Amino acid sequence: MAVLSRRRLLAASAGTLLAAPALAAPLRLQGLDGSTAALERPAQRILLGFYFEEFLAVGGTEALGRVVGLSRAAWKDWRPANWAEYVKVLPGLEAIPDVGEVEVGTFSVEKAIALKPDVAILGDWQVRGLGTEVARLRNAGIPVVVIDYHAEQPARHIASTRLLGQVLGEEARALRLAEDYEAAIAAVQVRLAAARRPRPRIYIELGSKGPGEQGPSYGDHMWGALAKLAGGDNIGRGVIATWGPIAPEKVLASRPEVIAIAGSEWRQHPTGQLMGQGVRPEEARARLRGFLRRPGWQGLPAVREGRVHAVYQGASRTLADFASVQYLAKALYPDLFEDLDPQAEYLAWHARWLPIRPTGSFMLGLG
Amino acid sequence: MSAAITAAVAAHRARERRRLAMLAATAAVLAVSLVLDLATGPALLPLREVVLALSGQPGADETVSVILWSLRLPMALMALVVGVALGVSGATMQTLLDNPLASPYTLGLAAAAGFGASLAIQYGGWGLPPVLAVPGAAFLATCLACAVILGVGRLRGMAANTVVLAGIALLFLFHALQSLMQFRASPEVGQQIVFWLLGSLAKADWHNLAITAAVTAIALPLLMRHCWALTTLRLGEARARALGVPVAALRLGAVALISLMTATAIAFVGTIGFVGLVAPHLARLCIGEDQRFLLPLSGLMGALMLSSASVLSKVIIPGALVPVGVVTAVIGVPFFLWLILARRLPG
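Chains B and A, in that order, give the protein sequences.
Taking this note's numbering, the leading residue of the first sequence gets 1, the next gets one more, and so forth.
Taking this note's numbering, the leading residue of the second sequence gets 1001, the next gets one more, and so forth.
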């Protein structure tokens, strides 16, 4: 019995060895939504839905030549200044066909199929938004690899990065990126664990609507999850599932000790929090001061003690968000992280992995 | 005397021929629209390749074949089937209830479907695959709404106003429940609900097309059986009763049939509400009240509206992507207003 099975095993392995040169073992990839995708080899024609900077960080600028379709609005419309910077160094970007954007309902399966990608890399949020449409891509023979940086769980960041590495055939580079990220987060955790302090309460709001209207806040998701990594007690936790509305009086009643308003280059909003590429610190601070005039905010501990900060939306749900964790940690425990310069770390990460050199405001406080 | 009768019959036959010609003309325009619908799309495929792939010749590009056979063709045909179902349902409802505002949408059937769908989207379909769970829940909710409308109506002898009011009450109820679902959903899921509610042909595939077509094909002849009774009803409820039309039974039976047909159609494509309201009016403006012609023309008009909206949504900005539900309303509403104001009634 044992002999027979061993013989069979030998025969099987011989078969594999013989077959190996002719047929490369296909990559079986487990996506972050639990689905699997099979690829014959690293992809040559890629449909890229989101996480553009992670893609470029893992694949290098050459990888752009393999992108046959982009969900362009998710980059160009959401981060126009960032898009403009990339177009300067990678002019080919503008010629890549657009497949539409999920949140505004323009994503076209027909267009995606017509571009003949051999893989589609989509964010978990895109797959959720597309619903049953994703099955159509798969049925058309296009493997869908699902990655996710929105959850802001280091394990998912790392798994997503390694997946990008496998799809692009850049596993060594992906591993380095993942290890760097893991180390940066761990360094913050170690200090927090050693200090054993009570967690300060923190409120984070997406500041696109400006002071006049309460913007969405976060549960254990995106900024909420980042705040948790930074040792904060997020007041939206338990109130909001992922992200969404929170009552203004809930914010007042929770008496946050630190407030962070997430901003971006959305200059179309006249009072929204400006942050990011090309935004001067004084503009960003002027907008941030606007939020302090909200009813009741003058009495909040965070406002009284000058612990109100602005963070950059583009520095969340990315491999570079370790710098946002560092910044939030520093905002929450100034004495513990005095030596850290998170914005410098953010810029250094870009210099190391990406072709652009961001200039502007990416994290700052009123103090 | 007999000369007068002969003349009247001849005039009637001439009217019938005109109406048949109108039906044929609409069908011809519809055929053109179907061809355009297949020929256009965000992938901007060359016409030659489209024809090659459609004819199933071996030289056809595989991707083009996939796009045509599994995306464009079911979508284009679904537009026709759903348009017919909604158009005929709307026309029958308007006649049955003697109310120009009656339609699957205004009677809350579409809102009920929307609620059922959002429930399934929100709670992940209770273990069923979403391709089954979402239309299934939409269908069940629509049937529930229909049962309530019919139940309330029965208590009051199927009086038209009672049925309409019960429908409008349900419309508000299901809208509120829909909003509750959207409020409770996470933003991504909320987005999915919004798009479902917006209505889109993009969900069409061969399976749901076959189901919708089968239900419509069964329900249509059953409805057409009533066309004389419905025509009589247009003279007024009292006269119809006097002529021996069992009004209450007719309403009960026909509303049940319509609900089945509408529920199936909206379950798969979402709430394309406008078509069911407007297509019958367009048909009536063209052809008058004779239900033998009005029902088929309403169906054709519904199909034409959806099909042409689908074409327009693709050609307004070539290569760009506009949801079809939006186009139906944005282009359809001004056109409809113009028709009302111009009163383009044929002689």
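Simulated from the structure, these hints should not be mistaken for laboratory data.
What you are looking at is a predicted structure, and each value in this text was computed from that prediction instead of being measured.
Here a beta-carbon is modelled for each residue, glycine too, at the ideal position from N, C-alpha and C.
Misleading hints may appear alongside valid ones.
Stated by the list, open to error - Under 8 Å between C-beta atoms, here's a sample of chain B residues computed to sit facing chain A:
(1) GLU103
(2) SER108
(3) ILE113
(4) GLY131
(5) PRO154
(6) ALA155
(7) HIS350
(8) ALA351
**OP:** Would you pick out the hints that fail for this structure and give their numbers low to high?
**Re:** The structure breaks hints 5, 6, 7, 8; every other hint is satisfied.
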